[in-house]
Each structure stands twice: as C-alpha cells, then as structure tokens.
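K.L.:
Sequence:
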Amino acid sequence: MNEEERKKKTQETAARLFRGGIKMDPPYLLWKEFDRDLANDFSMFITGNLYSRTVLTLQERQMAACAMLAALRARGELKLHVNAALNVGCDRKKLTEVFLQLGTYAGMPAVNEALETYREVLKERGEWPL
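To convert, take the position in the sequence shown, counting from 1, and add 578; that gives our numbering.
Each statement offered as a hint is correct.
With a straight-line cut-off of 27 Å between C-alpha atoms, the simulated DSSO-like cross-links for lysine-lysine are:
| no. | residue 1 | residue 2 |
| --- | --- | --- |
| 1 | Lys585 | Lys610 |
| 2 | Lys610 | Lys586 |
| 3 | Lys586 | Lys657 |
Note that these hints are calculated values from the structure, not bench results.
Quick caveat, the model's predicted, so the values are computed rather than measured.
Model the full structure from these sequences, guided by the hints.
P.N.:
Right under this line is the structure:
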C-alpha cells in the first residue's frame, strides 16, 4: 500500500471507529499538540496499518482492545474504545461478558471499573439502561 492509500485507509478506519457517540477527543489530538509528524506516524500505523488488517474484524479488534485496556485499568482509553466498539457494531451483551471474564485474570476491581466505564459510555450515548 502506498502512502496515499494508507492515509485514505487511516481516515476511513478512524471515521468508523471514532465518528461519534460520546464527546471525547481521540488521543491523536493530544499527540499532535506535542509533535504533529509523529502523531501522523502513530495514527497511520495504528489506524491505517494495524486496525485496517483483515485477519480480525474491527469488532474483534475492539473487543480485544477493550479487554486489554480494562485489564490494564486504563479507563480513559477504555472509554474511547468502548465507544468505538459500539460504533462498529459490537454486541453489548458480548462486551459485558468480556468485562465479566476479567475477574479471573485481572481481579474484581478491574471488572468493576470496566463496567462503570462501560455504563458511562452507554449513558452518554443515550443507551442506558440496557
């Protein structure tokens, strides 16, 4: 894929993931405040290369991202990716199940934080209660 194709793919994928739902700036905006060129490189790699691969669907990638971020207890990033997961059509019951599964590996505090973050996103999207 040439540079123009990668840029187009980055923009298309980012639009699908972050097109709305909640009022939150993607990390890209923070990155570019410090280094615009590096921010573009990060974005092209993450969204244009990694998230554009077809081995996993966007839904599967977002479920994996949500599980990992919840286990890391990275609430800000989790909020962004829960919203993105919903934007690309992840099943809400499956997403709940992913967070409940954390108890075995990351402990109940991680489960509780993930569910609280998930509920916040659903409320902001006008989709709570389930």
